[in-house]
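Engineer: The primary structure of each chain is shown beneath.
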Amino acid sequence: MDPAFLTIAELNRLYDRRDVSPVAVTRALLDRIAAHDGKLDSFIRVTPETALVEAEAAERELLAGRRRGPLHGVPYALKDIIETAGIPTTGHSKLCQDHVPQEDADLVRRLKEGGAVLLGKLATWEFALGGPSFDLPWPPARNPWNRDYLPGGSSSGAGAAVAAGFVPGAVGTDTGGSIRGPAAVCGICGLKPTYGRVSRRGVFPNTFTMDHCGPLARSAEDIALFLQVIAGFDPADPGSEDVPVPDYRAALNQGIAGMRLGLVAHWYEEGAHPDVAPAMAAAVAVLRDLGAVVEPVVLSSLRDYTDCKTTISTAELYAIHEADLKRRPQDFGRVLRNRVLPGALIRAEDYIQALRWRTVLAREQALALKRVDALVTAGSLGVADRAVPDEPDPLVRVPNITMPFSVGGLPALNIPCGFSRQEGLPLSLQIAAAPMAEAAVLRIAHAFQQATDWHRRHPDLG
Amino acid sequence: MRTDLSHLPPSREGEVRAMLERAGLDLPEELVQQFLAIWPSYEAMVRRIPRTLDRAAEPAHSYRAVRIARA
Chain A
-1 MDPAFLTIAE
9 LNRLYDRRDV
19 SPVAVTRALL
29 DRIAAHDGKL
39 DSFIRVTPET
49 ALVEAEAAER
59 ELLAGRRRGP
69 LHGVPYALKD
79 IIETAGIPTT
89 GHSKLCQDHV
99 PQEDADLVRR
109 LKEGGAVLLG
119 KLATWEFALG
129 GPSFDLPWPP
139 ARNPWNRDYL
149 PGGSSSGAGA
159 AVAAGFVPGA
169 VGTDTGGSIR
179 GPAAVCGICG
189 LKPTYGRVSR
199 RGVFPNTFTM
209 DHCGPLARSA
219 EDIALFLQVI
229 AGFDPADPGS
239 EDVPVPDYRA
249 ALNQGIAGMR
259 LGLVAHWYEE
269 GAHPDVAPAM
279 AAAVAVLRDL
289 GAVVEPVVLS
299 SLRDYTDCKT
309 TISTAELYAI
319 HEADLKRRPQ
329 DFGRVLRNRV
339 LPGALIRAED
349 YIQALRWRTV
359 LAREQALALK
369 RVDALVTAGS
379 LGVADRAVPD
389 EPDPLVRVPN
399 ITMPFSVGGL
409 PALNIPCGFS
419 RQEGLPLSLQ
429 IAAAPMAEAA
439 VLRIAHAFQQ
449 ATDWHRRHPD
459 LG
Chain B
366 MRTDLSHLPP
376 SREGEVRAML
386 ERAGLDLPEE
396 LVQQFLAIWP
406 SYEAMVRRIP
416 RTLDRAAEPA
426 HSYRAVRIAR
436 A
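These protein sequences, in sequence, are chains A and B.
Residue numbers -1 to 460, in this note's numbering, belong to the letters of the first sequence in order.
Residue numbers 366 to 436, in this note's numbering, belong to the letters of the second sequence in order.
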């Protein structure tokens, strides 16, 4: 049995029936990575020795009838800004290429306790911001649907590795869309949980007030299973929320009949790829067929949300990288350096005004979510970008459709909803809900995926 | 009443160089040139931020003493 595109839920059922073992799955996926990742560069570092030790331990426990949870014996990989004790964590940067952490990030500790099997560390845009970059110690990852294209970012390796069938799930980070963007353009699912739902401890910071860690996987059900393991309160993370973790899988099959969904169409009706609006119309028709009541919602413009988010981020990023920028600016990739340096000229009053504006924009979303159960919009305004060095940086010029829910700190999930006609590349639907309402987001996505098969389509790596 | 600073003229090259110097950045000329190319879009972004929020409007992260003590 080729486990390449088995979901986490399917692996659980196969492990229960002893039809396949964690060691066999781990070996098969390591072989697949060895055979194909030379074309995709999704991994910075594969850890086969660690993986096989963890897989053997999981296999022993499962055979003894002791199941630790839904990721027990399940292979996964980590974006290389998430610290792993004894395993280099580089941020995909020359600045940290020899950094070996002493401790695991909190979410890694949870994954180890849950018996998951780490296959390696994944490519990222430099420090989860600077990319795509062609001047770093490792090449940028490529999109498995067409390696002339990029897998989005900043969780670039995570998007590529999950879509390529190297791992059934991965952990990325999302400050302005770095989980949801790669999920969108790689044709997989990616969840930015509520701010404070998953600990940031042991993760390289990007923007303290907007950094989120979350899973990428191939179905909403798998996202639910993954989130179950990594969510939870961490007293050492000042942003962590002490809120009980519900059973995310339990709500998946409740259906969406009668749910009220707010469609934010004005964010993608102008300036998007021509296939986005038709794909969204088809997705909304599916949601209506499933019994949801879909009504229009108007929020502030993407330009407003992007300006607010990027001003805050740029100021915080500069504070993080100031010392290195002054000592060794040439060791930064060009894209990261040019995205961080503007923070030196952002004044304190600009930063504070942006933070005050954030409160206004977040309240606007909260008010909308008193009228509807969830907001839906496009997951991306376009398809994957071509892998071309030295393209003009779009970060500030082009509004971003994932940033609004970063500003709100809301749970937001991207799932596949079609392919573009010309390029044959994935398109995506984005679903967001009130803080800590991940279960509602997952329920809507799961219902959609029971009625469609976009998430079951996979690239052919040859 | 105008709610932002977008009416202000873009900073001139000499002004940007002076701001970099005041920030303690002594960059090689090649990197300064790269910065001069990208700064106008950032300056325009910052100037679009509204400036007329209510006096009591709170920033999105306020100090939370309990969280600090807990950690």
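Incorrect hints may appear among the rest.
[As the list claims (entries may be wrong)] Here are the in silico distance ranges between beta carbons for each label pair:
1. A:D458 <-> B:L418: 49 to 57 angstroms
2. A:A364 <-> B:L401: 35 to 43 angstroms
3. A:D240 <-> B:P374: 34 to 42 angstroms
4. B:P393 <-> A:A279: 45 to 53 angstroms
5. A:A364 <-> B:L373: 27 to 35 angstroms
6. A:P390 <-> B:L373: 38 to 46 angstroms
7. B:Q399 <-> A:V284: 42 to 50 angstroms
Calculated directly from the structure, the hints in this document are not laboratory data.
Here a beta-carbon is modelled for each residue, glycine too, at the ideal position from N, C-alpha and C.
Engineer: Run every hint past the structure and note whether it holds.
Structural biologist: Okay, the hints, checked on the actual structure:
{"no.": "1", "hint": "A:D458 <-> B:L418: 49 to 57 angstroms", "result": "holds, 53 angstroms"}
{"no.": "2", "hint": "A:A364 <-> B:L401: 35 to 43 angstroms", "result": "holds, 40 angstroms"}
{"no.": "3", "hint": "A:D240 <-> B:P374: 34 to 42 angstroms", "result": "violated, 49 angstroms"}
{"no.": "4", "hint": "B:P393 <-> A:A279: 45 to 53 angstroms", "result": "holds, 51 angstroms"}
{"no.": "5", "hint": "A:A364 <-> B:L373: 27 to 35 angstroms", "result": "holds, 33 angstroms"}
{"no.": "6", "hint": "A:P390 <-> B:L373: 38 to 46 angstroms", "result": "violated, 24 angstroms"}
{"no.": "7", "hint": "B:Q399 <-> A:V284: 42 to 50 angstroms", "result": "holds, 46 angstroms"}
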